[in-house]
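S.K.: As a plain string of letters, each chain reads:
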Amino acid sequence: MYCKDIKLNNREVHRGDHVFSLALKLSAIGLAVLLGLVGIFLFRAALPAIHTQGLRFVTSSVWDPVQDVYGAMPVIYGTVVSSFLAIVIATPLSIGVALFLTEIAPRSIGRVVGFLVEMLAAIPSVVYGLWGIFVLAPWLRRVVEPALGKTLGFLPFFQGPPYGVGMLAAGIILAIMITPTISSISRELFNSIPHIQREGAIAIGATRWEMMRLTVLTSSKRGIIGATILGLGRALGETMAVTMVIGNRHEVSASLFAPGATMASIIANEYAEATSDMHLSALLGVGLALFLVNFTISSIARIFISRGFRWGAIRNGAKG
Amino acid sequence: MKHSFTDYIYRSYRKRKVINAVMYVLLSIAVTLAIIPLLSVFGYVIVQGMPALNLEFFTGLPKPVGEIGGGMANALVGTCTLVLIASVVGVPWGIAVGLYLSEYGKDGRLSSIVRFCADMLASIPSIIVGLFVYALVVLPMKRFSALAGGLALGLLMIPTVSRTTEELLKMVPNHIREAGLALGLPRWKVILWIVLKGSRGPITTGIMLSIARIAGETAPLLFTAFNNRFWQSGLDQPISSLPVQIYTYAISPYDDWHRQAWAGAFVLVLLVFMINIITRLIFAATIRKRQES
Amino acid sequence: MSSVLVVRKLNAWFGHTQALKEISMEFEQNSVTAIIGPSGCGKSTFIRCMNRLHEEVPEARASGEVFLEGKNIYLPEVDPVAIRRKIGMVFQKPNPFPSLSVFDNVAVGLKLAGVKRSAVLKEAVERSLILAALWDEVKDGLHSPGTSLSGGQQQRLCIARALAVEPSVLLMDEPTSALDPISTAKIEELMTELKKAVTIVIVTHNMQQAARISDKTGFFLLGELIECGDTSQIFTAPKDKHTERYITGRFG
Chain A
1 MYCKDIKLNN REVHRGDHVF SLALKLSAIG LAVLLGLVGI FLFRAALPAI
51 HTQGLRFVTS SVWDPVQDVY GAMPVIYGTV VSSFLAIVIA TPLSIGVALF
101 LTEIAPRSIG RVVGFLVEML AAIPSVVYGL WGIFVLAPWL RRVVEPALGK
151 TLGFLPFFQG PPYGVGMLAA GIILAIMITP TISSISRELF NSIPHIQREG
201 AIAIGATRWE MMRLTVLTSS KRGIIGATIL GLGRALGETM AVTMVIGNRH
251 EVSASLFAPG ATMASIIANE YAEATSDMHL SALLGVGLAL FLVNFTISSI
301 ARIFISRGFR WGAIRNGAKG
Chain B
1 MKHSFTDYIY RSYRKRKVIN AVMYVLLSIA VTLAIIPLLS VFGYVIVQGM
51 PALNLEFFTG LPKPVGEIGG GMANALVGTC TLVLIASVVG VPWGIAVGLY
101 LSEYGKDGRL SSIVRFCADM LASIPSIIVG LFVYALVVLP MKRFSALAGG
151 LALGLLMIPT VSRTTEELLK MVPNHIREAG LALGLPRWKV ILWIVLKGSR
201 GPITTGIMLS IARIAGETAP LLFTAFNNRF WQSGLDQPIS SLPVQIYTYA
251 ISPYDDWHRQ AWAGAFVLVL LVFMINIITR LIFAATIRKR QES
Chain C
1 MSSVLVVRKL NAWFGHTQAL KEISMEFEQN SVTAIIGPSG CGKSTFIRCM
51 NRLHEEVPEA RASGEVFLEG KNIYLPEVDP VAIRRKIGMV FQKPNPFPSL
101 SVFDNVAVGL KLAGVKRSAV LKEAVERSLI LAALWDEVKD GLHSPGTSLS
151 GGQQQRLCIA RALAVEPSVL LMDEPTSALD PISTAKIEEL MTELKKAVTI
201 VIVTHNMQQA ARISDKTGFF LLGELIECGD TSQIFTAPKD KHTERYITGR
251 FG
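Residue numbers (the numbering used here), protein chains in the order written: chain A, 1 to 320; chain B, 1 to 293; chain C, 1 to 252.
There may be inaccurate statements among the hints.
[Said to hold, decoys possible] So the derived list for chain B, only partly shown, Cβ under 7 Å to chain A, looks like this:
{"hint": "1", "residue": "V18"}
{"hint": "2", "residue": "C80"}
{"hint": "3", "residue": "T81"}
{"hint": "4", "residue": "Y100"}
{"hint": "5", "residue": "Y104"}
{"hint": "6", "residue": "A182"}
{"hint": "7", "residue": "L185"}
{"hint": "8", "residue": "R187"}
{"hint": "9", "residue": "F223"}
{"hint": "10", "residue": "A265"}
{"hint": "11", "residue": "N276"}
[As the list claims (entries may be wrong)] In silico lysine-lysine, DSS-like type, Cα no more than 25 Å apart, as pairs:
{"hint": "12", "chain 1": "B", "residue 1": "K170", "chain 2": "B", "residue 2": "K15"}
{"hint": "13", "chain 1": "B", "residue 1": "K289", "chain 2": "A", "residue 2": "K25"}
{"hint": "14", "chain 1": "C", "residue 1": "K111", "chain 2": "B", "residue 2": "K15"}
{"hint": "15", "chain 1": "C", "residue 1": "K93", "chain 2": "C", "residue 2": "K139"}
[Stated by the list, open to error] Pair by pair, the computed Cβ-Cβ distance ranges are:
{"hint": "16", "chain 1": "A", "residue 1": "P92", "chain 2": "B", "residue 2": "C80", "range": "49 to 59 Å"}
{"hint": "17", "chain 1": "B", "residue 1": "I29", "chain 2": "A", "residue 2": "L47", "range": "29 to 39 Å"}
{"hint": "18", "chain 1": "B", "residue 1": "D256", "chain 2": "A", "residue 2": "E273", "range": "16 to 26 Å"}
{"hint": "19", "chain 1": "B", "residue 1": "A285", "chain 2": "A", "residue 2": "S299", "range": "32 to 42 Å"}
{"hint": "20", "chain 1": "C", "residue 1": "N30", "chain 2": "B", "residue 2": "V18", "range": "49 to 59 Å"}
{"hint": "21", "chain 1": "B", "residue 1": "P253", "chain 2": "A", "residue 2": "S299", "range": "38 to 48 Å"}
{"hint": "22", "chain 1": "A", "residue 1": "V252", "chain 2": "B", "residue 2": "I29", "range": "52 to 62 Å"}
By construction, these hints were calculated from the structure, which means they are not laboratory data. Since the structure is predicted, the reported quantities are computational estimates derived from the model, not experimental observations. Where is the CB? At the ideal position from N, CA and C, for every residue including glycine.
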């Protein structure tokens, strides 16, 4: 009596499966297509500008929408410097945090601190920007930059009037924002080192720090590089916080106190009010450059990170 | 030989202990330096933002330039609208990709490509996604719209939702799928009704976390949803949103607008923070339940 | 014959669980003592208390007295780092440092201790590798990575590493349980020569191994030392019935 309800017809059953798996496959492929479309669209829209400006696009510093002359050198410079500064500050900090959490902290403190560091990643960029404008920049202008200027003013990095907003502010905010990224990957790396390695070092009479150096840090070198590169990728693309504290001046300057602009910030600033098609195209050219650089760096980072995990596993005794 | 070792060892022993202590201090300093900005941001957001919260903030519209007062009611509603539209796009697509990767793709070539694309989409600067949607939607429509903004945010949701779905479904043991198949259910029903339904809770948690992320996104909205001083008049019109409003007010020269920016930041941070804490608590509770069972 | 290591009323806990109860034992100089017992009886915990490795685990602690050459290493003013040079340890799974060469692996303890002169290091490395019966096999490849050796060789490398700092006692925690029979036999062969240089305490779950290589044996059960004495006596005429049941394979 029940048999009537059961789908004994194989074809019907298979059709349902077929449709379903096709739908899933399409959405998966759609993702890849989407990514490709983004790249293609950027390229096509940027072509007019690249065509007319040529190499000048990346070498010239003149950005004049009125005259339709677009040299993106200052924003490239600004992006590189602010991101580099962010990495220099964030990497040792993040590795220190990761070591603290995996090797030193007692469980309760470790949980709280770990949670707080992860919350750094949850704060929206615009809120960082707000804080940057009204808290960080004034502090830099009144306290830090004058002090740096007095002590290290012989270096070109610390010369010039202290604006507060500028490259240094951008670098610091970026460093804060990428610290959770680098430190969480590092933590995973460190935790993947088998405990017996650490015990071997301790048994030979190493101090805690020597143990960290001998086992955890040396085995994680590759992965840490990957984590740093990933952080760099994030710093390159960060928009709002940087736009709000970098001062938005289209200039190349050696000093960290000087205002500047990044690729992302110039797009954010000028897009809505872009006057001519060529202007838009130039901005999209900057966007394309940003996309390509980010793409390359993220890919390299992922290779390093996955190798970092595998390397550690192999070297730490999967042999023999 | 033993004696010569003892000399060496005694001399350097002190130095090693000192270095060890110094490293402890340095590591603690690193942690402190990392946490100070967090506490500072939280502190200022609370101290500056909370006093500025009043009924007008939650119910009033922005006043014209230069006038004191007004609120962010339209921005609050706007963010909700955008998040809703984003979820309509991002959740199904993200779950579909996650399902594909965990149930059908496994380790094929296509899967690695798709996974790679999801990772790349996760690391693209959000402003670029905004540019893309601008060309795709805003230009043809010849105006900024809530739909465009929602679409941009939805695209940004896909990688997180997909990764959450994939990882959670991978944790479902195979014998559950086999039990479903053994009952005579077609594979797609097994996946949807048994496997997916079973992980409903954690996946919802993952979705909530990705909502927390996109609720704070500003850059992609700048040229998709743009901004609107008034109530939204249709999904094909520009729409105000909390992050964009905060940004606009923050870079303006008006003190009153700065005050409101802090208030908006307070609401935004509170929302994000609450979602994070709630999801964490749920996560901890599910782990505890699993351990007990 | 003097006792190089004396344990008096040693207790150890993991959180609230007591793993060792009032253990008292003595280890004579240049002897090999085997610690046997079923899984979970506390034998690993016991030797990890000898070099104060036990307390490195969170929420683990120990009390009692352990006298190394007459000095109590559990006094509050004693630094665990310092005593680990005098009491070395070899682990169950070979764990050479992956980033270091064979030479550097053996020398690491000395380098950490501040020995810098390469002549001194070279001599110490060669001596330790000879003692660990590994010298002939690696003398031409001292700078290849430590992990490029086979499992049995890696374990002898770890033995050499522990010997390089000239400890008085060498603790071995089931050193051959992860190795193949041939490597196991090679390491067992070393024991007779090795004990002339250091006093050995070896934990083993393999009773035949204990009977083969040790002078004295201690039988542990549920955290207590049930019986301790000459190996021949323990294995032929055990005094305690639990010992007898374990030896004859009734449990464990």
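S.K.: Does each hint fit the structure? Answer for all of them.
M.R.: Hint-by-hint comparison with the structure:
A distance limit of 7 Å between C-beta atoms decides the matter here; for B:V18 the minimum to chain A is near 10 Å, and the interface restraint is violated. Proximity of B:C80 to chain A is violated relative to the hint, the smallest CB-CB distance being about 16 Å (cut-off 7 Å). Look at B:T81: its Cβ only gets to about 18 Å from chain A, farther than 7 Å, so that hint breaks. With a least beta-carbon distance of about 4 Å to chain A, the hint placing B:Y100 at the interface is held under the 7 Å criterion.
For B:Y104, the shortest C-beta to C-beta distance to chain A is roughly 6 Å, which falls under 7 Å, so the interface hint holds. Contact between B:A182 and chain A, as hinted, is not supported at the beta carbon level, the nearest pair being about 14 Å apart and thus beyond 7 Å. Below 7 Å, beta-carbon pairs count as interface contacts, and B:L185 has none with chain A, the closest being about 9 Å; its hint is therefore violated. Of the supplied interface hints, the one on B:R187 holds, with its beta-carbon coming within about 5 Å of a beta-carbon of chain A, less than 7 Å.
Given hint, B:F223 at the interface with chain A, holds; its Cβ is 5 Å from that chain's nearest Cβ, closer than 7 Å. Hint status for B:A265 relative to chain A: holds, with the closest Cβ pair at about 5 Å, below 7 Å. At a threshold of 7 Å, the smallest CB-CB gap from B:N276 to chain A is about 5 Å, leaving the interface hint in force. A hinted pair counts as satisfied when its Cα atoms are at most 25 Å apart, and B:K170 with B:K15 does not qualify at roughly 50 Å.
Taking the CA atoms of B:K289 and A:K25, the gap is about 35 Å. The hint is violated against a cut of 25 Å. Our distance criterion of 25 Å between C-alpha atoms is met by C:K111 and B:K15, whose separation comes to about 13 Å. For the given pair, C:K93 sits about 23 Å from C:K139 by alpha-carbon distance, which is consistent with the 25 Å threshold. Range check, A:P92 to B:C80: Cβ separation about 41 Å, and the 49 to 59 Å hint is violated.
Separated by about 50 Å at the C-beta atoms, B:I29 and A:L47 break the suggested range of 29 to 39 Å. Remark: the range hint 16 to 26 Å for B:D256 to A:E273 is upheld by a beta-carbon distance near 24 Å. Evaluation of the 32 to 42 Å hint for B:A285 and A:S299 yields a pass: the beta carbon distance comes to about 38 Å. Between C:N30 and B:V18 the beta carbons are some 37 Å apart, a value that contradicts the proposed interval 49 to 59 Å.
Distance hint check for B:P253 and A:S299: the Cβ-Cβ separation is about 43 Å, which falls inside the suggested range of 38 to 48 Å. Between A:V252 and B:I29, the C-beta spacing of about 34 Å breaks the proposed range 52 to 62 Å.
Hints 1, 2, 3, 6, 7, 12, 13, 16, 17, 20, 22, counting from the list given before, are not met by this structure.
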